[in-house]
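Q: Each chain, written out:
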Amino acid sequence: MSREGSSGGDGTQALRDPAARRRLIGLLAGLAICWPMLQLAEFNPLALLGPGSLQVIANFLGGFLPPATQPDFLALLARATLETLAMATAGTALAFVIGAPLALVATRALSRSRIGPGPGRWRAAALRRAARTVSMVLRAVPEIVWALIFVRALGLGPAAAVLALAITYGGMLGKVYAEVLESTDTRPARALLESGSGRIAALCYGLLPNCARELSSYTVYRWECAVRASVVMGFVGAGGLGQLMDQSMKMLNGGEASSILLVFLALVLCADALSNALRRLLE
Amino acid sequence: MSAVLHPALPAAQPRCLRCWAVVALLLLATLASFGYLAIDYRALASAESLRLMGRFIAEFFPPDLSPAFLAKAGWGALQTLAVSALGSLLAAAAGALLALPASGRSGAAARLACRFVLNLLRSVPELVWAALMVLAVGIGPFAGALALALHTTGVLGRLFAESLENAPREPEQALLQGGATAPAAFGYGSLPLVLPQWLAYTLYRWEMNIRMAAVLGFVGGGGLGQMLYFHMSIFQQQQAMTVLIAMFVLVAGVDAASAALRRTLDTAHA
Chain Y
75 MSREGSSGGD
85 GTQALRDPAA
95 RRRLIGLLAG
105 LAICWPMLQL
115 AEFNPLALLG
125 PGSLQVIANF
135 LGGFLPPATQ
145 PDFLALLARA
155 TLETLAMATA
165 GTALAFVIGA
175 PLALVATRAL
185 SRSRIGPGPG
195 RWRAAALRRA
205 ARTVSMVLRA
215 VPEIVWALIF
225 VRALGLGPAA
235 AVLALAITYG
245 GMLGKVYAEV
255 LESTDTRPAR
265 ALLESGSGRI
275 AALCYGLLPN
285 CARELSSYTV
295 YRWECAVRAS
305 VVMGFVGAGG
315 LGQLMDQSMK
325 MLNGGEASSI
335 LLVFLALVLC
345 ADALSNALRR
355 LLE
Chain H
561 MSAVLHPALP
571 AAQPRCLRCW
581 AVVALLLLAT
591 LASFGYLAID
601 YRALASAESL
611 RLMGRFIAEF
621 FPPDLSPAFL
631 AKAGWGALQT
641 LAVSALGSLL
651 AAAAGALLAL
661 PASGRSGAAA
671 RLACRFVLNL
681 LRSVPELVWA
691 ALMVLAVGIG
701 PFAGALALAL
711 HTTGVLGRLF
721 AESLENAPRE
731 PEQALLQGGA
741 TAPAAFGYGS
751 LPLVLPQWLA
761 YTLYRWEMNI
771 RMAAVLGFVG
781 GGGLGQMLYF
791 HMSIFQQQQA
801 MTVLIAMFVL
811 VAGVDAASAA
821 LRRTLDTAHA
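The listed protein sequences derive, respectively, from chains Y and H.
Every position in the first sequence, counted from 1, becomes a number in the working numbering once 74 is added.
Every position in the second sequence, counted from 1, becomes a number in the working numbering once 560 is added.
Think of the hints as simulated: they come from the structure by calculation, not from any bench.
There could be a bad hint or two in this list.
[Said to hold, decoys possible] Using C-beta positions, here's what the derived DEER-type ranges look like:
| no. | chain 1 | residue 1 | chain 2 | residue 2 | range |
| --- | --- | --- | --- | --- | --- |
| 1 | H | L625 | Y | N118 | 50 to 58 Å |
| 2 | H | P731 | Y | K324 | 34 to 42 Å |
| 3 | Y | V171 | H | A740 | 52 to 60 Å |
| 4 | Y | A103 | H | C579 | 45 to 53 Å |
| 5 | Y | L98 | H | A742 | 27 to 35 Å |
| 6 | Y | T207 | H | L591 | 26 to 34 Å |
| 7 | Y | R188 | H | I699 | 38 to 46 Å |
| 8 | H | F790 | Y | K324 | 15 to 23 Å |
| 9 | Y | G270 | H | L591 | 32 to 40 Å |
[As the list claims (entries may be wrong)] From chain Y, some residues computed to sit far from chain H (all C-beta separations above 12 Å):
| no. | residue |
| --- | --- |
| 10 | P140 |
| 11 | L178 |
| 12 | L201 |
| 13 | R213 |
| 14 | R261 |
| 15 | E268 |
| 16 | K324 |
Note that beta-carbon positions come from the ideal geometry of N, C-alpha and C, so glycine has one too.
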């Protein structure tokens, strides 16, 4: 960061842009960092505009219209949508069961041992670190890998997908819940803890009034991600929209694919509406 | 939630009835989902499946730590890192461009149209974008980066537009009325207010994209995912384990780096 305003002094001072130098330096530094990255990612926008690829994309997207509306396909689509919704809901519910206790242990906002010096301070810190590490391990391995592991034990089907979602998203919920609890005003909870209330009571009366909205909208967002992740789960034969999508794409059936994508759009809009409604309810 | 009510505090009775109704509905939906899927959870804990899972996991050990393969995995990790960073960067640029009309700066019609485009970009899953991009630019990391960028544009554009709408308008208005051009008024009146939050959102999405970049390799997006898919499909579990470890290190590193950077940005959690 350079300090601006040290130079100048001629008549053009009034027109000098006070932030220009800093922004220019930032831009140049960014470009210098980006250059090897572009090489590694084989950045080549011209490939997108080549005559062959444009033709392929145009043909494929042309097949998207009109969306497939045959009755038997729609019946299949409805069943797949229900399956996906059930998997996402069950996975998110299990993730909540894993993530909420992890966050409760990991968050510094509800620590009694941090109030003052006393026995057990180091033990509590170690416990918090352990909970953070567990949630990191859970979320660092992508859900598809967990799904592949569970498929070996449980066979093809929704069980592997639900467990994989629960584990990965449980780790994410645990981390994000803990961060949200720490980023709000923690003084009410601390006051409660200092006057001898339990941790759960301090959570309910000190922290939740401030951050219930953020917590609930993040949870709904995770549910939305779980709906989209069903595409990933199509790989392990979990059924649902993912498998249907896989079949349609492999057969290059654009009409069916666009119908499925429209369902995704509708589900995402539903998740938005749900998130807004929950926020209003908790207002 | 209000078991103990202090007399000085307003009672929240009428709202809580609705709260409990919503909680009951959510519980019902969850139970219905478990019922619909009819998963046999006893099978998970049965000795047979535990043995199968244990044997499968045992095949992954010991990981292949030969220098040649480690170098390969390191290269894959770098590629995944580049794909995720490039995807997030392109998305941040495109999201910022779309966020301007989406925040209602050029009329209600443009706002609605841009919001629809953003929702469309967001609701198509990354894997589907990746499949399309592989058709467009061929198998390789660039397809993965484009797929991430398209999906993330939808997410970031919406978040950017929301923070623009929440930021106060007065500084920009003052500059405009003082005779500044529209880009200058935006750059010096509004951008400084929202930039920290935009950066925090972008870093946060980068964290998620590094994980997704690993998955995109499964459909030909390059990097660690492609290696993992390759080695798992020819049953080289020990090599796959090395790739998994590399993935783990990468995700943990990016998580820590982004969290540290976000903490210095002095904004509330994204």
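Q: Decide, hint by hint, whether the structure agrees.
A: Taking the hints in turn, this is what the structure says about them:
no. : hint                          : verdict
1   : H:L625 <-> Y:N118: 50 to 58 Å : 34 Å, violated
2   : H:P731 <-> Y:K324: 34 to 42 Å : 53 Å, violated
3   : Y:V171 <-> H:A740: 52 to 60 Å : 54 Å, holds
4   : Y:A103 <-> H:C579: 45 to 53 Å : 50 Å, holds
5   : Y:L98 <-> H:A742: 27 to 35 Å  : 21 Å, violated
6   : Y:T207 <-> H:L591: 26 to 34 Å : 32 Å, holds
7   : Y:R188 <-> H:I699: 38 to 46 Å : 51 Å, violated
8   : H:F790 <-> Y:K324: 15 to 23 Å : 19 Å, holds
9   : Y:G270 <-> H:L591: 32 to 40 Å : 37 Å, holds
10  : P140                          : 17 Å, holds
11  : L178                          : 16 Å, holds
12  : L201                          : 20 Å, holds
13  : R213                          : 8 Å, violated
14  : R261                          : 15 Å, holds
15  : E268                          : 18 Å, holds
16  : K324                          : 10 Å, violated
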